[in-house]
Amino acid sequence: MTALHHINLSIRSGEFVLVTGPSGSGKSTLARCLNGLIPHATKGTMGGTVIVNGMDTRDHDVPEFASQVGMVFQDPGTQLVTGDVESEIAFGLEIRNLPGPEIRTRLDRVAGILRIRHLLGRPIRDLSWGERQRVAVASVLAVRPSLLAMDEPFSGLDASAAQNLAELLTGLKADLGTTVIIFEHRTGSLFPIADRLVVMQGGGIVYDGKPGPSDPAPIRENEGFRKNPAVTSISSGPANLPDPGTRTPGRQSPVPSLSLRDVQYRYPGARAPALEGITVDFYPGEITIISGANGSGKTTLLKHCNGLLLPDRGNVYLGPEPVRGKTVAAAAHTVGLLNQHADYQLFGSTIAEELAFGPRNLGMTDSETDKNRENVRRSCFLDHIDPSTPPLSLSGGEKQRVAIAGILTMDTPVVILDEPTFGLDPGLKRAFALLFRRLSDRGKTVIIATHDDKFGISCGDRFIRVSAGRIEDDYRRSRAPGTGCRNEQEDVREVTTARR
Amino acid sequence: MKIPVNPDDHLPDEKRKTRKTRRLEILRFSPGDSFLHRLDPRTKLLVLLVVSIIALLSGALPWLILVFLFELSLAITSHLGNRFLRALSLVSPLLILVIVLDSFFSKASSGPVYFSLQIGFLHPEVTPGGMVFALAMGFRLLTLAGISVLFIMTTSHDDFVRSLRDMGVPPTLTFSLGYALRSITILTEDTRNIMDAQRSRGLELDHGNIVGNRNKLAAIFIPTTVSMLKHSKNTADAMQARGFRPSMSHSCYKSQKLGRPDGIIVLILAALVIILLATNGFFTS
Chain F
396 MTALHHINLS
406 IRSGEFVLVT
416 GPSGSGKSTL
426 ARCLNGLIPH
436 ATKGTMGGTV
446 IVNGMDTRDH
456 DVPEFASQVG
466 MVFQDPGTQL
476 VTGDVESEIA
486 FGLEIRNLPG
496 PEIRTRLDRV
506 AGILRIRHLL
516 GRPIRDLSWG
526 ERQRVAVASV
536 LAVRPSLLAM
546 DEPFSGLDAS
556 AAQNLAELLT
566 GLKADLGTTV
576 IIFEHRTGSL
586 FPIADRLVVM
596 QGGGIVYDGK
606 PGPSDPAPIR
616 ENEGFRKNPA
626 VTSISSGPAN
636 LPDPGTRTPG
646 RQSPVPSLSL
656 RDVQYRYPGA
666 RAPALEGITV
676 DFYPGEITII
686 SGANGSGKTT
696 LLKHCNGLLL
706 PDRGNVYLGP
716 EPVRGKTVAA
726 AAHTVGLLNQ
736 HADYQLFGST
746 IAEELAFGPR
756 NLGMTDSETD
766 KNRENVRRSC
776 FLDHIDPSTP
786 PLSLSGGEKQ
796 RVAIAGILTM
806 DTPVVILDEP
816 TFGLDPGLKR
826 AFALLFRRLS
836 DRGKTVIIAT
846 HDDKFGISCG
856 DRFIRVSAGR
866 IEDDYRRSRA
876 PGTGCRNEQE
886 DVREVTTARR
Chain D
8 MKIPVNPDDH
18 LPDEKRKTRK
28 TRRLEILRFS
38 PGDSFLHRLD
48 PRTKLLVLLV
58 VSIIALLSGA
68 LPWLILVFLF
78 ELSLAITSHL
88 GNRFLRALSL
98 VSPLLILVIV
108 LDSFFSKASS
118 GPVYFSLQIG
128 FLHPEVTPGG
138 MVFALAMGFR
148 LLTLAGISVL
158 FIMTTSHDDF
168 VRSLRDMGVP
178 PTLTFSLGYA
188 LRSITILTED
198 TRNIMDAQRS
208 RGLELDHGNI
218 VGNRNKLAAI
228 FIPTTVSMLK
238 HSKNTADAMQ
248 ARGFRPSMSH
258 SCYKSQKLGR
268 PDGIIVLILA
278 ALVIILLATN
288 GFFTS
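Here the protein sequences line up with chains F and D, keeping their order.
For what it's worth, the working numbering labels the leading residue of the first sequence as 396, then goes sequentially.
For what it's worth, the working numbering labels the leading residue of the second sequence as 8, then goes sequentially.
Excised from the complex, chain F in its bound form (with noise of 0.2 Å):
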């Protein structure tokens, strides 16, 4: 399989590049080439050259272009290697053998840059994810590399920490000159930012040039979310949720079929409770959305609603039963939640396996198995891929939808979802906003916690507004046929693009 193709791409020195892409249409490959990371660390081979700063990448080891490639990876929990923030940002130089003072004058002034001084004396696991990513950065730019080159860095940001690092890498155009790179699919706010757009697709550059309105297709998608009114305050600050105007209070059901009531929960060690005093219902036809910064607690929320965490007051009802008393197994039989990371549940030798493993767990016939896997597998567009593959070599957009897929075969009244959009395209996500709308329609209870709020916003009912620990906000909007997910047909066809 060829991830690459015909790439041909010269890039000046001081630029900001945005490339853009569906999922799996190579931009992470080709960020690897910039550094020696291909063909040096990575299996398979390379053909044709990558000239960075006059060295070849062939000619020269990964280490060797360390002082001037700085590249931050996706995750930013796997690329710190130390235990604290002050010795992170060390590293780099330290390994450079700088002396003792210069090591401190750089960590100063990269701390006063990124706006991290405070997380100095702190331990890397307590940090949150947007809290990591900006300490990899510092720790990337205090080697002062003449390019910074970031692999999809606002995958796991809220939507007020997107904008800081939006507004933090304008700063570094203008005040240090770095020439930068960044590949993401979520594009919005680094749109009016970049001197240049690329679009990759199917691993060749399908667009190369300036962001105007004149772009062709995938751009045209990426305007739309800058030029829509309701977005584009969304986009802009921490209140991002759609407009209030259209609350409509209203339940789809009056009987709840998930209930918390006066949930407190604090973790062994922490000092402040993650949850306090949290009283919600949840209705059957009613996709619920739940927003919040980084830590505010929506993952904890999530966890009480299967057992996963028991509240330390306050109960938990599926139904009429509380969840105290019922093992987490035997509360899958009514609520089936998918975890952040794809990674931790999969494990089957097949497709087929891992989608039969929730099923066979709750004790459903063969037959009901593999009635429900069919039409999971093409409801999830899995339909491609045959089902004797086995999903640990799967692409990341392709494990996070048989991961999901492994939730729906369980065909639970309750269905949880922790950040299901995790790696997802534009064109993908769209596609399971309208599955999600349609289990809802089933009647199901879909619950959703998610810091993408364009997605948020095309298939909820209800916005949920999580604040350290506390539901801040909490209302419904009216769904007219055709509102939320924009144009079906429109929908159909990125699907199809985004498969190719």
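Source of the hints: derived by calculation from the structure; they are not laboratory data.
Take the hints with a grain of salt, since some may be wrong.
Below are the DSBU-like pairs computed for lysine-lysine, each with C-alpha atoms no more than 35 Å apart in a straight line [claimed, not checked]: (1) D:237 <-> D:261; (2) F:721 <-> D:237; (3) D:223 <-> F:721; (4) F:568 <-> D:240; (5) D:240 <-> F:849; (6) D:223 <-> F:794; (7) F:438 <-> D:240; (8) F:794 <-> F:766; (9) D:223 <-> D:240; (10) F:605 <-> F:438; (11) F:849 <-> D:237; (12) F:794 <-> F:438; (13) F:568 <-> F:438; (14) F:721 <-> F:766; (15) F:721 <-> F:794; (16) F:794 <-> F:849; (17) F:568 <-> D:261; (18) F:794 <-> F:605; (19) D:237 <-> D:223; (20) D:240 <-> D:261; (21) F:794 <-> D:237; (22) F:766 <-> D:223; (23) F:794 <-> D:240; (24) F:605 <-> F:849; (25) D:237 <-> F:438; (26) F:766 <-> F:849; (27) F:849 <-> F:568; (28) F:605 <-> F:568; (29) F:568 <-> D:237; (30) F:438 <-> D:223; (31) F:766 <-> D:237.
Estimated spans, in silico, between C-beta atoms of each pair [as the list claims (entries may be wrong)]: (32) F:603 <-> D:235: 34 to 44 Å; (33) F:837 <-> D:228: 33 to 43 Å; (34) D:284 <-> F:662: 41 to 51 Å; (35) F:503 <-> D:225: 43 to 53 Å.
We put the beta carbon where it would ideally sit given N, CA and C, even for glycine.
Use these hints to put chain D onto chain F, whose structure you have.
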């Protein structure tokens, strides 16, 4: 009336598990700014070594009590008294076993015999000398456990690794050690998340045996291995991308300086050793 023997007995399974982990979590670094925290890790390592040697070589009860009181006073001056005792309570089953066995099978029996028995080749007997010996063995265990607990509670992994580096241990070795220590936390976290994900898919892990069940084991073991491999691959890439080479020499921005508290502790320690030597406190029991 039914009195619960274990205060956790009335709690559901999940809660009980948390309590258990909570009890072990006391054996972790507890961040702070006390006298012991500010000591140079090298000094603390020296204290750990010297005190352990004293405890192992000296079998005299008064000496072991003295060393234990020294540890207790260190813990109290560092506001860790409570945690220190709670952590030591974890060794209490072993402590009781040591004291009971040593009072019956003492190698230092002397004085009037309170109790004696012959069972085959075993000859348990209780004498005052034997009981003193048993107590001394108990305190030996307490001093050894105590000094290790103090070291663990007041020294972060990073400080420990840094101090090794300052002592001239090659950076490749210290870095690997530091990373290995951190990986334990990462691995525990990952395994917990994976078990949560599979329980959410209806896999029963709260009841029954996991070890004997191949399917259950695979559902946990495979994702754990995959995430571990992925993690190490990503970390290796990131380290290369940041310029790390195993063979290169490193500078250190934060070199540790020995201060007055280090001097005081070393003096106290030296005094202890000298008095011990002078009074022939070693090798006596």
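- Query: So which of the earlier hints does this model not fit?
  - Reply: Result: no hint breaks.
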